[in-house]
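Asks: Given next are the chains, with one letter for each unit.
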Amino acid sequence: MARGKYRIVHYLNQFFAQIGGEEKANTPPLIKEGAVGPGIPLQQVLGEEGEIVATVFCGDNYFAENIETARAQVVEYVSSYTPDVFVAGPAFAAGRYGIACADSCSAVREKLGIPVVTAMYQENPALDIYRKDAYIIPTAGSVLGMKDAIPKMAALVRKLGLGQTVGTPEEEGYFPRGIRVNQFVDQTGAERAVDMLLSKLKGEPFQTEYLMPTFERIPPSPAIKDLASTTIALVTSGGIVPLGNPDRIEAASASKFAEYNIAGIDDLTADAYQTCHGGYDPTYANEDPDRVLPLDAMRILEKSGTIGRLHDLYYITVGNATSVANAQKFGRDIAERLKATDVGGVILTST
Amino acid sequence: MAKEIDRVGLPVAHVATIVPISLTVGANRIVPAIAIPHPLGDPRLPSDEERELRLNLVRKALQALQTEVESQTVFD
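Protein chains in written order, with the working numbering: chain U, 2 to 352; chain F, 302 to 377.
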């Protein structure tokens, strides 16, 4: 017996649904039967096995400005067509449309429990917000990438529609979702690691099993021209706080930083300061906190006129397992505060 | 944090024990430190020598702040 066709509902914005341009961007969600716009070539590639039974569309501004209402309405429309797969976009580099596509996917998956697929450019801001919630296929930055995007989306929609197992991001061509899947392999971790290392040493290609996050680069700030007239500030992620840790900075996964006044203090001593940093042996830092926050050395260089002045406040947090997002937030806040003073350079110490 | 401080135009010297982490995260002026539990000290040394060691590390950090760099630089 032939299996029935799997059913797809497709999401588009006002432009791709051929309602209009920016002047129609406030259109609330609507649905119509069958494939529209990019849904037509998508249907062609999918062939006879699956069918785009309906297309939901919404103005980009309406979705972005009324996200909860729009999301709920989209889910309701989608639900009424009882699809097996939901697909949105492609959104390319369009920010509002990317959010609408990915947010619809996320909501449909959560409420209806069906697989969801969208597609967008790697720098679309929606990618990082929703990559865990949906299969997101990479596309070019503009609509010129439509003809490449459609077959890739179709291939994944087909697999999901037929209930087939979806492989890794590399195999299927979607953005990594940060999901780890257990699998059985013949070689132990040690053997695999040594194989990788040998390949690396030979200059051969190898595939890591745990990709490290990549970090944005910032151009270096200009150097200090005249150190003897410059105020320097101390910042540390090594957890040096007044004894008793009055602001309760966490020993790991810090949720905050603190600033403390060191005006008139020439040396950090064990009876007044300590470390609150977990994860390393605190004996040496507690014995002499200058080993982490070099206040004594800075005072010597201040008195000798090597530096203009040491800033009266120092900033401290704990780097132990603190998330990059939190560290960025602390960094931004500290940078803003320092920028508002006469500080011209910073020494940041880490354990 | 080093990056966010650099972003507002303030030069920052990162005195860090685990230089590869500092490089990965993206600090631009890096000064290698002594050890994780005592980055700017060495409890095995007599206190005056230890202070001299610390002064030298801080001088190196200040030197890094006075050096124009185009990209990530480790000041050994």
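If you're looking for bench data, these hints aren't it; they were derived computationally from the structure.
Model, not experiment: these values are computed from the prediction.
C-beta atoms are modelled at their ideal positions from N, C-alpha and C, and glycine is treated no differently.
There could be a bad hint or two in this list.
[As the list claims (entries may be wrong)] Keeping only pairs whose Cα atoms sit at most 25 Å apart, straight-line, the calculated BS3-like set for lysine-lysine is:
#1 U:LYS340 to U:LYS330
#2 U:LYS6 to U:LYS112
#3 F:LYS361 to U:LYS203
#4 U:LYS160 to U:LYS6
#5 F:LYS361 to U:LYS340
#6 U:LYS112 to U:LYS160
#7 F:LYS361 to U:LYS226
[As the list claims (entries may be wrong)] Among the chain F residues that face chain U by a calculated CB cut under 8 Å, a handful are:
#8 MET302
#9 ALA303
#10 GLU305
#11 HIS315
#12 VAL320
#13 THR325
#14 ARG330
#15 LEU346
#16 ALA362
#17 LEU366
#18 VAL375
Asks: Evaluate each hint against the coordinates.
Replies: Against the structure, the hints come out as follows:
1. U:LYS340 to U:LYS330: holds (15 Å)
2. U:LYS6 to U:LYS112: holds (23 Å)
3. F:LYS361 to U:LYS203: Since the Cα atoms of LYS361 (chain F) and LYS203 (chain U) sit roughly 37 Å apart, the hinted pair is violated (cutoff 25 Å).
4. U:LYS160 to U:LYS6: holds (13 Å)
5. F:LYS361 to U:LYS340: holds (23 Å)
6. U:LYS112 to U:LYS160: The given pair, whose Cα atoms are some 21 Å apart, holds under the 25 Å limit.
7. F:LYS361 to U:LYS226: This hinted pair holds, its Cα atoms lying about 16 Å apart.
8. MET302: Given a least distance of 4 Å, the restraint on MET302 (chain F) holds.
9. ALA303: OK, holds: ALA303 (chain F) within 8 Å of chain U, min 5 Å.
10. GLU305: Constraint on GLU305 (chain F) satisfied, holds at 3 Å.
11. HIS315: OK, holds: HIS315 (chain F) within 8 Å of chain U, min 5 Å.
12. VAL320: This hint is violated: VAL320 (chain F) lies away from chain U, its Cβ roughly 10 Å from the closest one there, beyond 8 Å.
13. THR325: Since the shortest Cβ distance to chain U is 6 Å, the answer is holds.
14. ARG330: holds (7 Å)
15. LEU346: With a minimum Cβ separation of about 11 Å from chain U (threshold 8 Å), the hint on LEU346 (chain F) is violated.
16. ALA362: Holds - the Cβ of ALA362 (chain F) comes within 8 Å of chain U, reaching about 5 Å at its closest.
17. LEU366: holds (4 Å)
18. VAL375: violated (13 Å)
Violation of the numbered hints given earlier is confined to hints 3, 12, 15 and 18; the remaining hints are satisfied by the structure.
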